[in-house]
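Trainee: Residues per chain, in single letters:
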Amino acid sequence: MAELRTEEFQVNMGPHHPSTHGVCRLLLTLDGEKIIKVEPYIGYLHRAIEKICENRTYPMCIPILDRFEYVTAMSCNYVFSLAAERLAEIEVPERAEYLRVIMLELNRIASHMIFFGTTVMDIGALTPFLYALREREMIMDLFEMTCGQRLTYNYIRIGGVSRDIPKEFIPKCRETIKTIDEKIEEYKRLLNGNPIWKARTIGIGKLSPELAIAYGASGPILRASGVEYDLRRDDPYSIYDRFDYKIPTYQNGDVYDRYMVRLDEMQESCKIVAQALDGLPEGDIRAKVKPNFKPPEGEVYTRIENSRGEMGVHLISDGTNKPFRLKARGGSFAHLQLLPEISKGCLIADLVAIFASFDVILPEVDR
Amino acid sequence: MTKEELKSYLESNYPELTYSESGKYDLLFIVEAQKLVKTCEKLRDDVKLQFNYLGNISGVDTTENYLTVYQIASISNKLRLDIKVILPHDNPSINSVQSVWPAANWYEREIWELYGIEIHNHDNLTRFLLPDDWDQGHPMRKDWDAPDFIRFPQK
Amino acid sequence: MIATSVTFWLKDLLGSIGLSGDLLTIATYGILAVAVFSLLSVLALFLVWWERKVAGHIQQRFGPMRNGWHGWYQTLMDGLKLLQKEDILVFTRDRMVFFWAPIMCFVAAFAAYIVMPFGEGLIVADLNIGILYIVAITTFTIISLLMAGWGSNNKYALLGGMRSAAQVVSYEVPMVVSILIVVLSAESLSMVKIVEAQGGWIWNWNIFKIPVVGLVAFITYIIAAVAEANRTPFDLPEAEQELVAGFNIEYSGMKFAMFFLAEFINLFTVSAIAVTLFLGGWQGPGPASISFIWFFLKTFAVIFLLMLFRWTYPRLRVDQLMEFAWKFLIPLTFVNLIIAAVMKHFGWYLGN
Amino acid sequence: MGLIKKLPVFAEKVPGGGIVTTSIEQVLNFAQAKSLWYLLFGTACCAIELMCTGASRYDFDRLGMIFRASPRQSDLIIVAGTITKKMAPRLRTLYDQMAEPRYVIAMGGCTIKGGPFYYDSYSVEKGIEHIIPVDIYIPGCPPRPESLLEGCLNLSKQIQKRKLGDWQEK
Amino acid sequence: MVSEYISVLIFILAGIGIVLFTFFLARLIRPSNPYKEKNVNYECAETPIGDSWIKFNNRFYIFALIFVIFDVEAVFLFPWAVAFGKLGLYALVEMILFILILFFGIFYAWQKGALKWV
Chain U
1 MAELRTEEFQ
11 VNMGPHHPST
21 HGVCRLLLTL
31 DGEKIIKVEP
41 YIGYLHRAIE
51 KICENRTYPM
61 CIPILDRFEY
71 VTAMSCNYVF
81 SLAAERLAEI
91 EVPERAEYLR
101 VIMLELNRIA
111 SHMIFFGTTV
121 MDIGALTPFL
131 YALREREMIM
141 DLFEMTCGQR
151 LTYNYIRIGG
161 VSRDIPKEFI
171 PKCRETIKTI
181 DEKIEEYKRL
191 LNGNPIWKAR
201 TIGIGKLSPE
211 LAIAYGASGP
221 ILRASGVEYD
231 LRRDDPYSIY
241 DRFDYKIPTY
251 QNGDVYDRYM
261 VRLDEMQESC
271 KIVAQALDGL
281 PEGDIRAKVK
291 PNFKPPEGEV
301 YTRIENSRGE
311 MGVHLISDGT
321 NKPFRLKARG
331 GSFAHLQLLP
341 EISKGCLIAD
351 LVAIFASFDV
361 ILPEVDR
Chain L
368 MTKEELKSYL
378 ESNYPELTYS
388 ESGKYDLLFI
398 VEAQKLVKTC
408 EKLRDDVKLQ
418 FNYLGNISGV
428 DTTENYLTVY
438 QIASISNKLR
448 LDIKVILPHD
458 NPSINSVQSV
468 WPAANWYERE
478 IWELYGIEIH
488 NHDNLTRFLL
498 PDDWDQGHPM
508 RKDWDAPDFI
518 RFPQK
Chain R
523 MIATSVTFWL
533 KDLLGSIGLS
543 GDLLTIATYG
553 ILAVAVFSLL
563 SVLALFLVWW
573 ERKVAGHIQQ
583 RFGPMRNGWH
593 GWYQTLMDGL
603 KLLQKEDILV
613 FTRDRMVFFW
623 APIMCFVAAF
633 AAYIVMPFGE
643 GLIVADLNIG
653 ILYIVAITTF
663 TIISLLMAGW
673 GSNNKYALLG
683 GMRSAAQVVS
693 YEVPMVVSIL
703 IVVLSAESLS
713 MVKIVEAQGG
723 WIWNWNIFKI
733 PVVGLVAFIT
743 YIIAAVAEAN
753 RTPFDLPEAE
763 QELVAGFNIE
773 YSGMKFAMFF
783 LAEFINLFTV
793 SAIAVTLFLG
803 GWQGPGPASI
813 SFIWFFLKTF
823 AVIFLLMLFR
833 WTYPRLRVDQ
843 LMEFAWKFLI
853 PLTFVNLIIA
863 AVMKHFGWYL
873 GN
Chain V
875 MGLIKKLPVF
885 AEKVPGGGIV
895 TTSIEQVLNF
905 AQAKSLWYLL
915 FGTACCAIEL
925 MCTGASRYDF
935 DRLGMIFRAS
945 PRQSDLIIVA
955 GTITKKMAPR
965 LRTLYDQMAE
975 PRYVIAMGGC
985 TIKGGPFYYD
995 SYSVEKGIEH
1005 IIPVDIYIPG
1015 CPPRPESLLE
1025 GCLNLSKQIQ
1035 KRKLGDWQEK
Chain H
1045 MVSEYISVLI
1055 FILAGIGIVL
1065 FTFFLARLIR
1075 PSNPYKEKNV
1085 NYECAETPIG
1095 DSWIKFNNRF
1105 YIFALIFVIF
1115 DVEAVFLFPW
1125 AVAFGKLGLY
1135 ALVEMILFIL
1145 ILFFGIFYAW
1155 QKGALKWV
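Residue numbers (this note's numbering), protein chains in the order written: chain U, 1 to 367; chain L, 368 to 522; chain R, 523 to 874; chain V, 875 to 1044; chain H, 1045 to 1162.
Chain U extracted, bound-state conformation (with noise of 0.2 Å):
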């Protein structure tokens, strides 16, 4: 075909766009459809949380950590407990810790419910979306019945979590974790076969290894590029030696890999929260931490295993009640990172579908 000249132009995609989740701008120059150069510009949400915390003592600093990654509040409150009890040399009592691996695995199922809704309604299939949130509800309605929220939880603190879970925790979280893993199921029979979901996502935004690597990528995209690397089990925190658990890994990091990699995880969380009922101990939740918590000198970055791959917190003390500097990490800013590079001359579909598997949340970006 001979060579007609046409125009560029440039689009703006957010800050109030359905498919950017959130208030990120995406700024597109396209030819036609066609994707020329992704600009993103973030900040929309930068609600200053490491200059406020700064201002707070450490148990307030939990419940503001919540809102750096509210889709996964459990992990942040995790993180950042975790961070305090190793500059503080604070040991956890066994049923603490297995309470926090509950809730963990919980919330990160939960998490990725709503990567499942949102990245298959972005590739045009209402309907899971609202299948994959009313699984969801049910881990909602666990963690409302042990820390009476919803989203927000302040519920691992430093030291252990805040309360015991109730009688009937138990039995309505094996039936939760049984149905879900039968629902996982059902998605993959609604969704694996159908030509235009495989059309949709197989071979869109293909994310080499070393790519991912050198972009700091982590999590599920990190494994979906065939790089079998979970903080879980290769920067070992808690008590995750003791269950017996997959680490699902894919070849392609396409689109399709990084969806089939967080159904996969989905699934071997059940697994792991089923082990943690199994072997919940009787005892304390909480070690005595004093009200007035002040560790010693120091610094310490921490980092786990979340549902959007390594969040980190990198905390100092100067030793007084109040962290000297806090500093969170979440994966969504390496992955934001990488859309630039990975969405270059697909089309504004593809772009839609890329972003929905990196499963960003601005927040995390932003801070």
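Think of the hints as simulated: they come from the structure by calculation, not from any bench.
All of these numbers come straight from a predicted model, not from anything done at the bench.
Don't be surprised by glycine CBs; every beta carbon is placed ideally from N, CA and C.
Check before you lean on any hint, since a few could be wrong.
[Unchecked claim] Residues of chain U placed beyond 12 Å of chain V at every Cβ, according to the derived structure: (1) L133; (2) P166; (3) Y240.
[Stated by the list, open to error] Taking lysine to aspartate or glutamate pairs in the EDC-like style, the calculated list, with each CA pair at most 20 Å apart, reads: (4) U:K344 <-> R:D841; (5) L:K370 <-> U:D234; (6) H:K1080 <-> R:D609; (7) R:K849 <-> H:E1048; (8) H:K1130 <-> R:E709; (9) U:K322 <-> L:D512; (10) V:K1000 <-> L:D512; (11) V:K959 <-> L:D502; (12) L:K409 <-> U:E210; (13) L:K415 <-> U:E91; (14) V:K959 <-> L:E408.
With chain U fixed as given, assemble chains L, R, V and H onto it according to the hints.
Mentor: Chains L, R, V and H in isolation, oriented as in the chain U frame:
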């Protein structure tokens, strides 16, 4: 490689790195600002270490100095390491490690914006987290103040 | 022409009060136009409500519940509300194009109903080029969408309009060729004749009458029709997740309502054509006076099928959509047409 | 244009005209109140609860509320989540671009007064009422879906109390 | 006596009339408050960059061109289909040839990459 082995390996093979006691859980080494990029390249290309993954870069204002802390990891060898650079309080500047880990791009932009640390050899230093018409300086600095920012007294 | 035709009945009625000549014809068609419009408004209101109920039940919720029994007057409220909405006129728009696009969209959808046989004798005018006329007039929808996209001077709208033009144009060909198979079988373009040719038992319906070929033609027609009506999985022109709202992004109030109305009228049109061409139209047991019931039952069944598609499938990408049309659907329909012609020539048809 | 505003003036002169005005007013307000299409807009935590409210268990569609992605076609903007100083002008733009009559629900603590946590933050807008006029405030961090539904029902009641042509004043 | 095709004209006029009437009705009761910020183009709450009336990517037009060929073909096929019974074997063979020639056309376009999107 365990933590102790890594520490002794780094101490024997990397004279430019000095061990710091303040790191509580992970290893923390201090490097001079001029040697940063070279050392990082060496760490990344070292076959025994392969620190190919940059997790995070934090900027810190200690009121006497500025620090940038690089949290790096090796995916294949499952190692963790923190590298700290101490910068002077007047006109702090540092070389970009973007050539070593492309991931550094945004972290360095953030440090440039929030701490006012100059980054050399960076390809895209533009407004980032703050509003486009922001003119109130670098908010993460400890001495930063603004009318609607309330600082609580330290106990 | 049968005397039971509603047009002739109306003509008689108007003739008896003293009208005659051209004025009589014009008055007759004028009254019928208003009648068809009323019917279509009610149908569109019902279809929107039904769509929301179907969507709700597929998604394990209820859909509208609060406004009347199971929300039966919900869409009426929506319409009344849209009537009260401000009409936003973007400064940079193209005045004429922006204004005429919704009108054209509605008129294109509305004018197709001249030749729609709702029942035996329930047809406005049995034009002898019936089906060709429908194909021609509904194509105006593309132009209106393109006009809407261009006239708004909005990049998302422009992309939506361009997409819809490319899409409808591509799916026009398989649709026309699928229709040709029926024309070949009935040897007429008149909608009434096509339906009458399918009288008698169920195997006289075109879908069964031409073994296999008829079924394939029906399926290709439905696929093309879904694309023509801009519904999922081919709803690219207004893909919410990609183009925010597509071609109608700048339209508000009544102008948007016209697009909305036209969309659902088109949905009914394509289903009614599918019924007329392939599923025997009004044919069914019972006297002629209840034939319209059969027509509506069948049409609603087809619409229900299209709704199921909409709420279960993901959306195709624009290049995949085009490739599917040009590389698969068009060759398939042409091969199908050749086979149908050969079968017709050798008389391998069922029935009649 | 805007003839409806003059209707009460005419109607007063006609005997029984008041009844006509009132009934038209009631019908129009009822239609508005029963068909609130909300703008798909959320910034932070509250957006997740907004999503949950649209989903199966709570189901906005029951009340006749569906989401529209374009502000031109929506009646209601549910400001779900923190509005920062960078986002504030964009929120104003969005509000400006909505077709009247338009309503605003401020959902969650951040939109009411800058949130329970961000009172000393340099980048958070302390309440959206200095950006756009608000009809309903829903407290909570984030509010539960039930309270959002309650807020929407209250808005619906509020709309039904309006006088003819009132919405033009805003 | 006008033919029944006048119905098309009447329906189109009636359609336009009905829509204009509803627009008029809406004009009576809707509020109207245009101001500068409201009437700028919506582009995800940002100010639009540049005009959207530009030389657009030609992809869309190529499909339109190919479509014209096929639609003209369909127009030829309609009379053939109607009169098929009377024409016999000759028409059948003729039309198969005609379709095949067009097929070569589409394959040519396919080979040349005209059916590829990007």
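Trainee: Against this structure, judge whether each hint is valid.
Mentor: So, going through the hints one by one against the coordinates:
1. The Cβ of L133 of chain U does not lie farther than 12 Å from every Cβ of chain V; its closest approach is about 4 Å, which violates its non-interface assignment.
2. Non-interface call for P166 of chain U relative to chain V: holds, since the shortest CB-CB distance, roughly 19 Å, exceeds 12 Å.
3. The beta carbon of Y240 of chain U is kept farther than 12 Å from every beta carbon of chain V, the shortest such distance being approximately 27 Å.
4. Annotation: proposed proximity of K344 of chain U to D841 of chain R holds, straight-line Cα distance about 16 Å (limit 20 Å).
5. Simply put, K370 of chain L and D234 of chain U have alpha-carbon atoms about 13 Å apart, close enough for the 20 Å limit, and the pair holds.
6. Distance hint between K1080 of chain H and D609 of chain R is fulfilled; the C-alpha atoms sit about 14 Å from each other, no more than 20 Å.
7. At roughly 40 Å between alpha-carbon atoms, K849 of chain R and E1048 of chain H are farther apart than 20 Å, so this suggested pair is violated.
8. The hinted pair formed by K1130 of chain H and E709 of chain R meets the criterion: a straight-line CA distance of about 10 Å does not exceed 20 Å.
9. Distance check on the hinted pair: K322 of chain U and D512 of chain L sit about 18 Å apart at the alpha-carbon level, within 20 Å; holds.
10. Straight-line distance between C-alpha atoms of K1000 of chain V and D512 of chain L comes to about 18 Å, which keeps the hinted pair within the 20 Å bound.
11. The hinted pair formed by K959 of chain V and D502 of chain L meets the criterion: a straight-line CA distance of about 13 Å does not exceed 20 Å.
12. Between K409 of chain L and E210 of chain U the alpha-carbon distance is near 18 Å, which keeps this suggested pair within the 20 Å criterion.
13. In summary, the hint linking K415 of chain L to E91 of chain U is not supported, as the alpha carbons are separated by about 33 Å, beyond the 20 Å threshold.
14. A C-alpha spacing of about 40 Å is found between K959 of chain V and E408 of chain L, which places the hinted pair above 20 Å, so the restraint is violated.
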